[in-house]
Amino acid sequence: MSATDESRKSDATTTEGGAAGPSPMYAAFLRRVKIRRKLILLCQIVLLVLFFALWEVAPRAHWVNPMLTSYPSAIWPTFVELLGDPDNGILRHTWVTVLETFVGFTLSMLLGVGIAIMLWWWEFLYRVVDPFMVVANALPKIALVPIFYIWLGDVASIYAMAVAIAVFITILMIYSGFRETDSNKIKLVRTLGATQWQILRQVVLPSNVPVMVAALKINVGLALVGVIVGEFQAAKAGLGYLIIFGSQVFQMTLVMTAITMLAIISTIMYLAIMYLENTVMRHHR
Amino acid sequence: MTGTAPMVELRNIDLRYFTLDGETEAVCGFSLAVSPGEFVAIVGQSGCGKSTLLSLIAGILEPTGGNVLVEGSPVTGPSPLCGYMLQHDYLFEWRTILDNVLLGAEIQGLELVASRNRAEALLRGYGLGEFMAHFPHQLSGGMRQRAALARTLCTDPQILLLDEPFSALDFQTRLALSDEVSEILRREGKTVILVTHDISEAVSMADRVIVMTKRPGRVKAVHDIVFDSKGGDRPRPFESRSRPEFQHYFDQIWGELEIHVGN
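Chains as they are written, first to last, in my numbering: chain A, 247 to 531; chain B, 7 to 269.
No wet-lab data here; the hints were simulated from the structure. This list has only true hints and no planted wrong ones.
Using 20 Å as the maximum straight-line C-alpha spacing, the simulated SDA-like pairs for lysine to any residue come out as follows:
hint: 1; chain 1: A; residue 1: Lys433; chain 2: A; residue 2: Ser453
hint: 2; chain 1: A; residue 1: Lys431; chain 2: B; residue 2: Ala174
hint: 3; chain 1: A; residue 1: Lys431; chain 2: B; residue 2: Asp105
hint: 4; chain 1: A; residue 1: Lys431; chain 2: A; residue 2: Trp443
hint: 5; chain 1: A; residue 1: Lys284; chain 2: A; residue 2: Tyr272
hint: 6; chain 1: A; residue 1: Lys433; chain 2: B; residue 2: Pro86
hint: 7; chain 1: A; residue 1: Lys433; chain 2: B; residue 2: Leu67
hint: 8; chain 1: A; residue 1: Lys431; chain 2: B; residue 2: His94
hint: 9; chain 1: A; residue 1: Lys433; chain 2: B; residue 2: Tyr23
hint: 10; chain 1: A; residue 1: Lys431; chain 2: B; residue 2: Glu112
Please take these sequences and the hints and turn them into a complete structure.
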């Protein structure tokens, strides 16, 4: 990197701060930035603590009915208890949901990219199916849950729901990315004699990595929605099942535990994708 | 140059674009013959169809009338004989500089070891030896355009089609690079067709300047650019800009382009 940095410096028209060390004004600027960053973090922590405190105090002081909201100190023992239970424990339910979500977004991604490639290859096909795709994308897929359950049974209907919710927007996003590939880059490889397949492989796919990562981001969230909704109807396990079961027997503690778990896994998935994004996109600028 | 068969020949080219809004006549009855090793510049205002001519020669566009011949045979599609350079470098940001230069070799299925050696030699020759493993965003504009030139020359084309290759660069870089590029291309005996709207670029670099009319593009005038070389070589582009002949050609072409300042 040092060679580049040097070359950049020689190309740059503006000079950077002196080599003798930061000026007092620059040091003050850095201090201000640091303090601001700490203040933001502090406010976030305070907000979180306030949220849990309110959630704990409000039911205990009977401002709200504890039957309706439960409270953190009640969730914790339930959580620990469920953690120890290997057959019907929280870990098993979480695992089932995570696995279903993983399969769901992987399928949506594969289908989405595959179909987008087909539509890019045969523009005529795109023209033909375009209105149908728009309707399919606009339709609230949750309306299909009962039908999927009847058609596909309790396991496949959950996957079908995850795919149905995620796949259309994936196709539309990736296809429009393909269409917007820099036409001059395509012109360049065409002058080098590239075939349609080479244009796809050398230009269209690699230049759309950012679009695919963006699609994946949306996809993971939607697949999780699909899985939970599918589980509401059909499942014998999973966090969606736990939520429905808990609310049917009016055990809000169970429901809240499942929802907390859901918040944790969606955060982890989000962080995983952020990490993937940073790794993949290093050179896409 | 009589006696040598032309390297590139356009015979009475017509080109029309069709859209639902109507048809556009981009080029009309355009003819041009370029000898091997000749450096021809085509100047015209934007939208006069000059870039279209390069696409026709490169074989990525078919004329609606007339013939395009390269080395005497009709063009049916992209050929390794022609190298194309565009306004921007269009280096692929996901490839290293070396891999970018090897793009053509990869697409044409050339022998990779030989191509790699050639690519490395070209990059070293253009002062980019240390940057082969770098990514495009780490290089300055001038360096990137030199890498793009290496990419074009890596497959060893005999004909270079330059589509305003310097217009995206700042003025200093543009002057320095046009010197460098014309030097390289003349040394290697390439046939060059440069398309530009920059009259001084055309006059300083080319042996012959073709002036095009507004759309539909036709040949309006042809100028053989001759500098008094006092027995030596043709002056380099930068040097030629200060010659008396330069101003003469510039004024003539400026008049022919009918550029209206204001409305």
